[in-house]
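Line by line, the protein sequences give chains A and B. For what it's worth, the numbering used here labels the leading residue of the first sequence as 10, then goes sequentially. For what it's worth, the numbering used here labels the leading residue of the second sequence as 2, then goes sequentially.
Quick caveat, the hints were computed from the structure, so don't treat them as lab data. Incorrect hints may have been included.
If the Cβ cut is set under 8 angstroms, some of the chain A residues that face chain B in the computed set are [unchecked claim]:
no., residue
1, Val61
2, Arg64
3, Leu160
4, Val164
5, Phe168
6, Gly170
Label pairs and their calculated CB-CB ranges [what the hints assert, rightly or not]:
no., chain 1, residue 1, chain 2, residue 2, range
7, B, Leu26, A, His102, 35 to 43 angstroms
8, A, Trp175, B, Leu27, 20 to 28 angstroms
9, A, Glu23, B, Tyr38, 30 to 38 angstroms
10, A, Arg141, B, Leu26, 22 to 30 angstroms
11, B, Leu30, A, Leu65, 37 to 45 angstroms
12, A, Val42, B, Leu28, 26 to 34 angstroms
13, A, Thr15, B, Trp19, 21 to 29 angstroms
14, A, Gly124, B, Leu27, 34 to 42 angstroms
15, A, Thr28, B, Ser16, 52 to 60 angstroms
16, B, Trp19, A, Arg30, 40 to 48 angstroms
17, A, Leu73, B, Leu23, 18 to 26 angstroms
18, B, Trp19, A, Thr28, 23 to 31 angstroms
Partial chain B-side listing against chain A, Cβ under 8 angstroms, derived [what the hints assert, rightly or not]:
no., residue
19, Pro18
20, Trp19
21, Leu26
22, Leu27
23, Val31
24, Asp33
25, Thr35
This structure is a prediction, so every number in the text was calculated from the model and none was measured. Each residue gets a CB set at the ideal place from its N, CA and C atoms; glycine is no exception.
For reference, the chains in residue letters:
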Amino acid sequence: VELPETFLQVPLIEHMIGTYRWFWPLAEVLHFVGLVLLVGIVTLFDLRLLGVAKRLPVAPLRRLLPWAVLGFTLCVATGLIFVTGLWANVAVHPVEAVRIDRYLQLKLLFILLAGLNLLAFYQSGMSRAVDRLGPGEEAPPLAKIIAASSLFLWVGVIFWGRLIPWGL
Amino acid sequence: VSERGHRAPEEHRMSRPWRIVLLVLLLALVIDVTITYLTMY
């Protein structure tokens, strides 16, 4: 499939990056704030399911999840700025970057796997099962496996994200 | 943990959840670094 030359290129974003020196670092700061919200809250959840700080009940922790969703939204929005802004930043076409950068590919793969892992958490009924966990109660083995996978995958997402510039 | 919150001596050793968490984190880094090394060239 031949993609048009303009695919993933947004002139306004390229203009902002080229004209204002604060634009790129601001996007990075927001990307990291999103990362902290998303991975921080997910890790808190994973740790509790793995048996750390077992005196905490699980259901109230759920109230933090909208903040994790906000974090994910921030990361996707600023991540798109980085990809669409590649031409203005390092003169690599975004489509070419997705095609050649194996670290970007690995990051996207790990995000996809984390998404499937989350889907498994809901589909397997573990989500409802852990909701009933009161202080001191142990999560079911499957919930622990999903929590450990989540921890593993999000560390990977951060790792591959950090390596993206070296894959270009 | 006793009623007054004191831990028995054997509980001062690393508890099981922490060992699992550290193992997962260590595994993540080892696997990521290995993939990086293998895809370098």
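Find the hints from earlier in the document that the structure breaks and name them by number, from lowest to highest.
2, 6, 11, 13, 14, 18, 22, 23 and 25
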